[in-house]
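Asks: Sequence:
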Amino acid sequence: MTGPTPYLHFPGTAGSALAFYGDVFGCGVQLHTFAELGRADGPADAIAHGYLVEGPVALFAADVAGDEPPFRCEGLMLSLLCTTTSTTLRHWFSRLAEGGHVVDDLQARPWGDFDGQVIDRHGVHWLIGFESDDAD
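Following the working numbering, the numbering of the sequence shown begins with 6 at its first residue and continues without gaps.
Please keep in mind that the hints were generated in silico from the structure rather than gathered at the bench. Be a bit skeptical, because a hint or two may be false.
As the list claims (entries may be wrong) - Label pairs and their computed distance ranges (CB to CB):
1. T92 x A45: 45 to 55 Å
2. A49 x C87: 34 to 44 Å
3. P75 x A49: 18 to 28 Å
The structure presented is a predicted model; accordingly, all values stated were derived computationally and were not measured. Don't be surprised by glycine CBs; every beta carbon is placed ideally from N, CA and C.
Between the sequences and the hints, there should be enough to build the whole structure, so can you do that?
Replies: So this is what it looks like as structure tokens:
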């Protein structure tokens, strides 16, 4: 592992969120239900642990149990700066914006690089960018 991996607790939407991210990032998704893991502190079909598999982005997620608070994204962005080609990053930005909200368009900046921000349909705030010499 090269760094921290976000682990998000969703309000009953972890399965659909991970499926969306798997589709956006072109990777597999592994899901384990509360029943499968022998947990009785939530609905049997809720996701107790899920993650993206063999993809360019690492992410864990689960549905909240009991009185746990669900994930809220304030003052935090998941950064995908220069993580792949500009074409791929533009595609990810576009896909993450589907059903979400563009905070700041993906655009050239005064310092010469490109970046933008989007809050996706699941409330996750993303910062996506690339260097100008990688621009299409």
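Asks: For every hint, state whether the structure bears it out.
Replies: Cross-check of the supplied hints:
1. T92 x A45: 45 to 55 Å: holds, 47 Å
2. A49 x C87: 34 to 44 Å: This hint holds: roughly 42 Å between Cβ atoms.
3. P75 x A49: 18 to 28 Å: Since the Cβ atoms of P75 and A49 sit about 19 Å apart, the hinted range of 18 to 28 Å holds.
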